[in-house]
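*Asks:* Quick note, the sequences are listed as chains A and B, same order. For the record, in the first sequence the residue sitting at position 283 is 282 according to numbering that gives the first Met the number 0, with numbers rising by one throughout. For the record, in the second sequence the residue sitting at position 161 is 160 according to numbering that gives the first Met the number 0, with numbers rising by one throughout.
Bear in mind the hints are in silico, worked out from the structure with no lab data behind them. Honestly, I wouldn't trust all of these hints.
It does not matter which identical chain is used: a pair holds within one copy or between any two.
[As the list claims (entries may be wrong)] With a straight-line cut-off of 25 Å between C-alpha atoms, the simulated SDA-like cross-links for lysine to any residue are:
{"no.": "1", "residue 1": "K84", "residue 2": "F36"}
{"no.": "2", "residue 1": "K13", "residue 2": "Q110"}
{"no.": "3", "residue 1": "K38", "residue 2": "G196"}
{"no.": "4", "residue 1": "K118", "residue 2": "L52"}
{"no.": "5", "residue 1": "K94", "residue 2": "V217"}
{"no.": "6", "residue 1": "K37", "residue 2": "Y277"}
{"no.": "7", "residue 1": "K118", "residue 2": "Y198"}
{"no.": "8", "residue 1": "K118", "residue 2": "I43"}
{"no.": "9", "residue 1": "K94", "residue 2": "D3"}
{"no.": "10", "residue 1": "K10", "residue 2": "Y198"}
{"no.": "11", "residue 1": "K114", "residue 2": "I24"}
{"no.": "12", "residue 1": "K118", "residue 2": "E81"}
{"no.": "13", "residue 1": "K37", "residue 2": "E278"}
{"no.": "14", "residue 1": "K12", "residue 2": "I171"}
{"no.": "15", "residue 1": "K38", "residue 2": "D151"}
{"no.": "16", "residue 1": "K38", "residue 2": "I80"}
{"no.": "17", "residue 1": "K163", "residue 2": "T173"}
{"no.": "18", "residue 1": "K13", "residue 2": "Y269"}
{"no.": "19", "residue 1": "K12", "residue 2": "M141"}
{"no.": "20", "residue 1": "K149", "residue 2": "G164"}
{"no.": "21", "residue 1": "K118", "residue 2": "M26"}
2 protein chains.
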Amino acid sequence: MFIDRLIENIKSKKSPVVVGLDPRIEMTPQFIKDIAFKKRGENIEGVCEALYLFNKGIIDAVYDIVPAVKIQVAFYEAYGIEGFKAFFKTAEYAKSLGLMVIADVKRGDIQEVAKMYSKAYLQNQLFDAITVNPYMGEDTIMPYVEDAIKYDKGIFALVKTSNKGSKDIQDIKTTKGEYVYQSVARMINRISNSAIGKYGYSSIGAVVGATYPEEAKVLRKEMPNCFFLVPGYGAQGGTVEDIMDCFDENGFGAIINSSRSVIYAYQTPYWKDVYSEYEYAQAARAEVILMTGMINNGLVKRKYIAC
Amino acid sequence: MFIDRLIENIKSKKSPVVVGLDPRIEMTPQFIKDIAFKKRGENIEGVCEALYLFNKGIIDAVYDIVPAVKIQVAFYEAYGIEGFKAFFKTAEYAKSLGLMVIADVKRGDIQEVAKMYSKAYLQNQLFDAITVNPYMGEDTIMPYVEDAIKYDKGIFALVKTSNKGSKDIQDIKTTKGEYVYQSVARMINRISNSAIGKYGYSSIGAVVGATYPEEAKVLRKEMPNCFFLVPGYGAQGGTVEDIMDCFDENGFGAIINSSRSVIYAYQTPYWKDVYSEYEYAQAARAEVILMTGMINNGLVKRKYIAC
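Start from the sequences and build out the full structure, keeping to the hints where you can.
*Replies:* Have a look at this one:
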């Protein structure tokens with residue numbers, strides 16, 4: 000099962016950290032752009048080649064210390080056909096080094112359409128899991144759940160997202176005396192019953208932002224089946240302390256994504272005097288090691304079991 | 000402005016009907032598959048060629064009687080790179096015949112990501128408008144709004160969707176004595192103030208399902224700025240009577256999408272004895288003419304002004 004493989008990967012890598020491959024051409028080291036543009040021209044092909052080469056460097060540097068990467072499709076979709084080629088090539092390369100690949104697509108549509116999105120990602124051997132948007136309701140989530148069970152994949156449904164505006168809809172107070180995100184949480188936790196693995200977690204998980212620790216604490220209790228995919232750590236403002244309540248006492252229950260803080264670590268105040276842009280991948284590795292250590296240390300301090 | 004162009008197209012075509020190009024290979028006429036497979040092989044390339052040829056036939060048959068087509072990206076995305084090629088080719092062909100093109104992508108993500116989705120679709124000259132998902136909040140909608148204004152495009156945000164499960168989240172009762180979809184409606188209507196055209200409607204519109212006439216009636220009042228993109232007519236169960244309250248007294252305020260009932264009209268009980276599969280495109284044209292007539296007749300009966 001997806002969730003069992005994920006937990007076993009977290010154990011063997013001793014890390015709940017997921018690296019988000021969200022490359023931006025304007026932040027890509029010049030030497031990579033030079034190589035890519037020389038090879039494919041200073042055009043969309045060259046840009047997408049640069050994004051792929053950048054990702055490849057990151058993957059080479061972190062594949063042995065993280066269980067998974069998350070690839071945000073929009074950073075590729077923005078470049079059309081060539082972008083998608085870079086997206087698929089990135090997933091393929093990550094898989095070839097044993098990483099699990101989460102396609103961060105946040106799709107959501109009526110059943111007949113959801114089936115096609117599921118065909119695109121869950122029926123594609125390159126991806127282990129996808130993110131989905133629950134606004135349209137349970138019947139729109141079920142095609143993904145069915146394919147997750149059939150093809151041994153996972154899904155993470157948006158519950159409480161990391162951005163400021165997540166309050167607008169997700170934090171609307173309901174007549175049941177709770178927030179909308181709690182109703183969503185209940186729905187997802189119930190659906191997740193159909194895919195529980197040997198460690199007690201389901202292959203149907205939830206996206207819970209690192210930037211809302213109080214909400215995460217509530218959700219950890221209300222969604223006992225669901226592993227959390229936690230965005231918002233690092234560049235978006237989430238700290239180690241903020242994410243602690245996403246974990247259970249055994250140190251499981253969450254994978255923590257960091258994109259910008261890892262892949263552009265060499266540009267941060269903390270690392271910029273240590274690593275040059277030529278060493279962007281080593282900087283990413285150093286940041287992952289630091290981030291993993293801080294999270295595991297945080298778990299130990301709580302007397303939780305660390306990875 | 001997008002919305003002014005849309006209204007003028009509705010007037011000149013005398014129709015608020017939008018044809019949804021959601022082609023399924025298993026429902027594609029055999030003669031089209033034969034041509035496509037012969038040209039590109041009985042593989043993904045051949046399948047995507049067949050989808051494109053099918054669309055081309057439909058577009059040729061309806062371009063002079065509808066203002067716009069809606070292309071549901073999932074039916075192409077399911078086939079990866081080749082699918083996207085067919086998606087873009089379809090949009091290009093529709094545009095070449097003067098149709099407005101709505102990319103039904105229902106994307107939604109944090110600002111930095113939304114900007115990339117917006118680059119993919121609103122900054123792409125092939126598309127006039129996109130659908131977006133509001134679950135993540137106002138800040139995640141704003142990048143599309145900014146680009147809609149800057150590039151003269153439109154957006155339709157999900158408010159009340161046509162599927163049964165839309166009740167799960169959208170119909171949660173809030174402490175303000177309303178439903179979640181009404182809170183979403185208020186948010187979208189407020190945002191839409193920044194892009195109002197000369198006919199009083201905004202380029203920021205809403206998706207309101209044909210299958211919920213009572214809710215549509217309420218929303219028509221609560222979202223005076225917003226044009227509705229109405230899915231769910233026909234195959235999904237929405238009738239002419241159901242959609243009447245989506246319109247204003249001048250016969251504007253809504254475009255009515257039909258996908259399956261139009262593009263597979265030749266397979267329906269109503270048309271199957273009239274048109275063979277070789278005449279699928281003529282059947283689609285006949286169904287559009289019928290649907291337009293019925294809607295305009297419905298408007299007249301209400302003493303609304305018909306297109």
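*Asks:* Against each hint, give a clear statement of whether it holds in the structure.
*Replies:* Status of the hints after comparison with the structure:
1. Taking the shortest Cα distances, K84 and F36 sit within 25 Å of each other both inside one copy (16 Å) and across copies (24 Å).
2. Taking the shortest Cα distances, K13 and Q110 never come within 25 Å of each other, neither inside one copy (38 Å) nor across copies (32 Å).
3. Within a single copy, K38 and G196 get their C-alpha atoms no closer than 46 Å, and across copies no closer than 47 Å, so neither meets the 25 Å cut-off.
4. Taking the shortest alpha-carbon separations for K118 and L52, only the inter-copy value of 22 Å comes in at or below 25 Å, while the best intra-copy value is 27 Å.
5. Taking identical chains as interchangeable, the C-alpha atoms of K94 and V217 are never at most 25 Å apart, the minima being 34 Å within one chain and 50 Å between chains.
6. In this assembly of identical chains, the alpha carbons of K37 and Y277 lie at most 25 Å apart only when taken from the same copy (17 Å versus 49 Å across copies).
7. Taking CA atoms no more than 25 Å apart as the test, K118 paired with Y198 passes in neither setting, with 28 Å inside one copy and 42 Å between copies.
8. In the homo-oligomer, the alpha carbons of K118 and I43 lie at most 25 Å apart only across protomers (13 Å), although the nearest pairing inside one protomer, at 27 Å, exceeds that limit.
9. For the homomeric pair K94 and D3, the shortest alpha-carbon distance inside one copy (17 Å) is at most 25 Å, but the shortest distance between copies (48 Å) is not.
10. Proximity of K10 to Y198 under the C-alpha cut-off of 25 Å is restricted to the intra-copy arrangement: shortest distance 12 Å within a copy versus 61 Å between copies.
11. With identical chains, the CA atoms of K114 and I24 are at most 25 Å apart between copies only, with a shortest distance of 14 Å across copies and 33 Å within one.
12. When the C-alpha separation of K118 and E81 is checked against a cutoff of 25 Å, the pair qualifies both within a copy, at 21 Å, and between copies, at 14 Å.
13. Taking the shortest Cα distances, K37 and E278 sit within 25 Å of each other inside one copy (21 Å), while across copies they are farther apart (50 Å).
14. For the homomeric pair K12 and I171, neither the shortest alpha-carbon distance inside one copy (39 Å) nor that between copies (42 Å) is at most 25 Å.
15. In this assembly of identical chains, K38 and D151 lie within 25 Å of each other by CA distance neither inside one copy nor across copies; the values are 38 Å within and 36 Å between.
16. In the homo-oligomer, the alpha carbons of K38 and I80 lie at most 25 Å apart both inside one protomer (18 Å) and across protomers (21 Å), since each shortest distance falls under that limit.
17. Proximity of K163 to T173 under the C-alpha cut-off of 25 Å is found in both arrangements, the shortest distances being 20 Å within a copy and 20 Å between copies.
18. In the homo-oligomer, the alpha carbons of K13 and Y269 lie at most 25 Å apart inside one protomer (24 Å), although the nearest pairing across protomers, at 63 Å, exceeds that limit.
19. Taking the closest pair of Cα atoms, K12 and M141 never come within 25 Å of each other, the shortest separation being 32 Å inside a single copy and 39 Å across copies.
20. Taking the closest pair of Cα atoms, K149 and G164 come within 25 Å of each other only across two copies (23 Å); inside a single copy the shortest separation is 35 Å, beyond that limit.
21. In the homo-oligomer, the alpha carbons of K118 and M26 lie at most 25 Å apart only across protomers (17 Å), although the nearest pairing inside one protomer, at 33 Å, exceeds that limit.
In summary, the structure is inconsistent with hints 2, 3, 5, 7, 14, 15, 19 from the numbered list given earlier, while agreeing with the others.
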